[in-house]
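A.B. asks: Read off the chains here:
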Amino acid sequence: MQRGLTLITPIAGDWQALMTLLRERGDALQAGWQNNAPYALDAAERLHFLSLFVIEPGAGCPALLVLEGSFDGRCRNPLTDESDRDQFINELVIANAPLLREVYAFCINYPQNATDQQVREYLKIWKHDNQLFYVGCPGLTTGRIAEDAQIAADVEASVRNLNRPIMGRRAQIVREIFQGLPRASRDLVVNTPDRPFWVRHPLYEQPLQTLYWYAKWPLAIVGWAVLLLVLAEAWSPGSLPECITPAQSVLAATWNWFAFFLVVAGVLTLFWLLIWCGEFPQYLTPRMTRYVIATKLEEYVRTSIRALPSFGAVLGLLALAHWQWMRLWDFFFSALAFLLLVLVVTAIVWYVRLLRIGLREPADRVFDLRWDTNRLAAVREREDRLAQSHIISVTTIRLGVLRWVTLRCVLFAIHWLARILYNPLGLFSTQSIHFARWTIVRGGRLLFISNYDGGFGGYLGVFATLGAAGVSAIWTNTEGFPRGFLLFGDGARDEQPFKARARNSQVESVFWYRRYPHLSVAAIERNAAIRMELARFSSKAFQVPEADFDVFLRRFATTTP
Amino acid sequence: MFSSDVLPPRRPDTPLNELSDVQGLLAHGYPFFDGAAYCLFHIDNPAEVRRPWLQTLLHPDPAERWIDHALYPSNRLKYEDSGVAIAFTASGLRKLGLSDDALATFVPEFREGMAAEHRARQLGDIEDSRPGLWTWGRPDSARQPDNAGEPNIVWQSDIDGLLIVYAPPDTLAERVQTISRIRGCPEFRRVIRTRLYMQQGTGVPLEPFGFADGISQPYIEGVTMKVPPEGVRIIRTGEFVLGYPNEIGRLPASPSIALAEDPNHGLPRLPHVPRADFGRNGSFLVMRQLEQDVTAFNRFVNGDPDPGLRGDNLAARMVGRWRNGEPLVRAQQPRGPGEVTKTDLEDGNNFGYDREDRHGFECPLGAHVRRANPRDALAQGLQLSPAEAQRLVDQHRILRRGRTYRDDTRAEGLIFVCLNANIERQFEFVQSSWLMSREFSGLSGETDPILGNAPRRFTMQHPLLGRCRANLPQFVRVRGGSYFFLPGLRSLRYLSQL
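Protein chains in written order, with our numbering: chain H, 1 to 561; chain E, 562 to 1059.
In case anyone wonders, no lab produced these hints; they're calculated from the structure. Ideal Cβ placement from N, Cα and C applies to all residues, glycine included. Be a bit skeptical, because a hint or two may be false.
Claimed, not checked - Label-pair restraints from in silico Cβ distances: (1) E:Met759 <-> H:Asp548: 44 to 52 Å; (2) E:Val752 <-> H:Asp372: 34 to 42 Å; (3) E:Asn1032 <-> H:Lys540: 49 to 57 Å; (4) H:Leu399 <-> E:Asn606: 48 to 56 Å; (5) H:Leu486 <-> E:Asn825: 37 to 45 Å; (6) E:Glu949 <-> H:Ala28: 43 to 51 Å; (7) E:Ser702 <-> H:Ala28: 44 to 52 Å.
Work the whole structure out from these sequences, hints included.
C.D. replies: This is the structure in structure tokens:
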């Protein structure tokens, strides 16, 4: 459900003036948070985080304005992702058109005095794909996060109001806590929906339906092609070339299947008629009776006609199976063997080219640490405020096909591994990421943006220890990364140069919006768990094993006045 | 400049080959001298400081030398009359003649200083503890016209170095004076006198809240010549001494100078780059003055409404140890006075939270010592084995060398001093990611019960429902702080000859 929107737009005007403008707007936003002041972007209800920043000109490319947003998607099907991002752009414009107009006025081909509609259309041009997009709290929308936080706060208040001394069975205590909640929170708990596990691709969650969705048209084409051959042979025997002439046994089998389906359809129709007649409304006028019958017949015919293509395709596939069963298996295994051969050859070629680079990449120079303390101070000015932090890193991808292909493959693999195999430890074992993305940008650059909790040192420290392999696999393909080993080893494990390099590649986070600046990933997950557990307990009337309450109760404490 | 080459490991019972180049403070905290003076000095005349003063402190004759090194066996030092350690700030090194090129190789946290605004946020030095209120190390950006009413402020720009003098309390003042009379001695802008207050019977130093302190010190490979108790790891040298592999198997970033600036080969050469290793055998020293409000602390713990918790029980749960030093995970009740020795505490220091008290029912999850050194407690959250979790935590250890002070205004507290090779991954990480973290170990919205900023709360876990104490007052305020570099002796000689 959560998705990433990235807009990358070349800047035509004075990019430094744009930086100043963004800095002013960002500072005003930060100052407002100190006073819990609302902000225009709050109106974009699906928005979690949004940032605007500038990538300085270089590598033959102009300065770029980047808008990065993380929002709740509406559609589960990735093929409709496009419309979802466009819808979200519309909502952004509605929420804060003045800011967007002000900022995008610096960009190329921006229409003067643009209307809201023109702004929307302009922004949609600059959508950019993310090669890797990670969500730390999958399935939790902005609304759900807010509800969970409110419920958790109410539960804590209810715990504080418990009668003392605390005695009795755990079930009794939890029931008392639940009954101490305000009515609105109790209702929310009772009506807790399942937490959608968005990160799983539909292929994983509904494999058969998803496979069918992707395969139905190719299968339909093949099925109908075979059925047409069968019909052609039945209509005019011997008219087809021998190599594509179905055997008589195939014709007979197809006719048998057709008859079988007709019988089944007839039986189903009979049942349908019986049920319909049983439910037929009484006391109708003849005219109304004719109308009802006509409508129902029309619906029946329409449904039958809609089913005809599928029916024909299935019939054709059954004919094909009967006709070329062994050949189908041969074809399948041949295709599989060919694919494996291609993979093996590719892997060998990749490995040989890798060895040519060298195991330890001796051409890599030792990273020369010279910090630009002024730039570092500007970057750190906005860090360690409230619970969350933001990092933007721009690095240059190393030249060469090997690097390019490896980077793409690594990003693809990690993107899907994180989605399909939900990792409770979080991306690269970091449990503090709200949203993170890697995007390949024009000019051969790799853009990394992360909204995370805590400080820079702790965040990258985990990357350097527990998540070093994955991090190295990505960034070892960029310039200046600490010396790697076979592209995946070392690298980030050399913690100080890794952090120093990250600092030197950092871009100032001038404008950064957060919907819930005081909530960390741990707090969000904790609140979600509290609600889910309480919902489970209440749905079972608190008749669960006593030990189940332990984890729930351990989160809370009574407070003396 | 540094490389990422990995050097072969050393045997744990073998001292470093160059231990004589390491200042003695890294090997021991001079426990045989009860007194110590922390002298923050300002360099007005660098030439005088270098040649007469530094060279006198580093006299080639051991009988005349003041600065001792880590190879001196401890019992020999007992017969000396004092011990001295010296460290410098970035401004001090610049004044002594290090070039901008050399200074650029120091890590940014050292060059920026502890009082930088973003760092203060990161370390939790806010409100009453903010650098703008410090009595020493206050950033120059905080200068105000009305500072004239605070003549005793020592500004950050005034601090070029730190001289620590250890001696018996009755001779300490005289030792400091003797050093100050050496020709070329820089001006001591602030001298903070401290004393070791020992717990009766155990020989363990006490801090002002009455707790035994300095128990969990790391065993450093090649430096600490004591055998640790079973289950306690020896930490790699490079976590505390530059120039040696650290727990990650890499060399920590070490400041260096161009070869042209060391024509006499006074400094060792870096292995793969054409530069001289200025930082070898040195370390980074963190110093903070932590003023402790003992009255507020005692009032809080003794005024608890729960009679079963009031007093020592609550205090112990906030700290994580009983006042005599026994850990809560091993001792549900403390032993009597005199029954616990320092050896007992060291031998019993091999406990693990994950294997002995995972849920915090004995030692609360947010207790001070549990935050400062989680041991294997991160195992469950990170899905590691206890041993792996311990190794991870060992990348964030610090070597403490602090002492208690009581000044003329009856203010008391701790001069916190720690040594580490990587300020950011060690001291700053412990301070910001563990002590001041509001999400530590699954807790929500609470920081360290001793060091945290008011208002805050403290939760004591219980199998049924925990107990929470809210609105904890401020017990500790930071009154000063700075980062220093503690050079090796060769580097000191190099500085003295610039």
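A.B. asks: If a hint holds in the structure, say so; if it doesn't, say that too.
C.D. replies: Structure-based check of each hint:
1. E:Met759 <-> H:Asp548: 44 to 52 Å: About 50 Å separates the Cβ atoms of methionine 759 (chain E) and aspartate 548 (chain H), which means 44 to 52 Å holds.
2. E:Val752 <-> H:Asp372: 34 to 42 Å: holds (37 Å)
3. E:Asn1032 <-> H:Lys540: 49 to 57 Å: violated (37 Å)
4. H:Leu399 <-> E:Asn606: 48 to 56 Å: holds (54 Å)
5. H:Leu486 <-> E:Asn825: 37 to 45 Å: At 42 Å between Cβs, range holds.
6. E:Glu949 <-> H:Ala28: 43 to 51 Å: holds (46 Å)
7. E:Ser702 <-> H:Ala28: 44 to 52 Å: violated (23 Å)
Against the hints set out earlier in the document, violations occur for numbers 3, 7.
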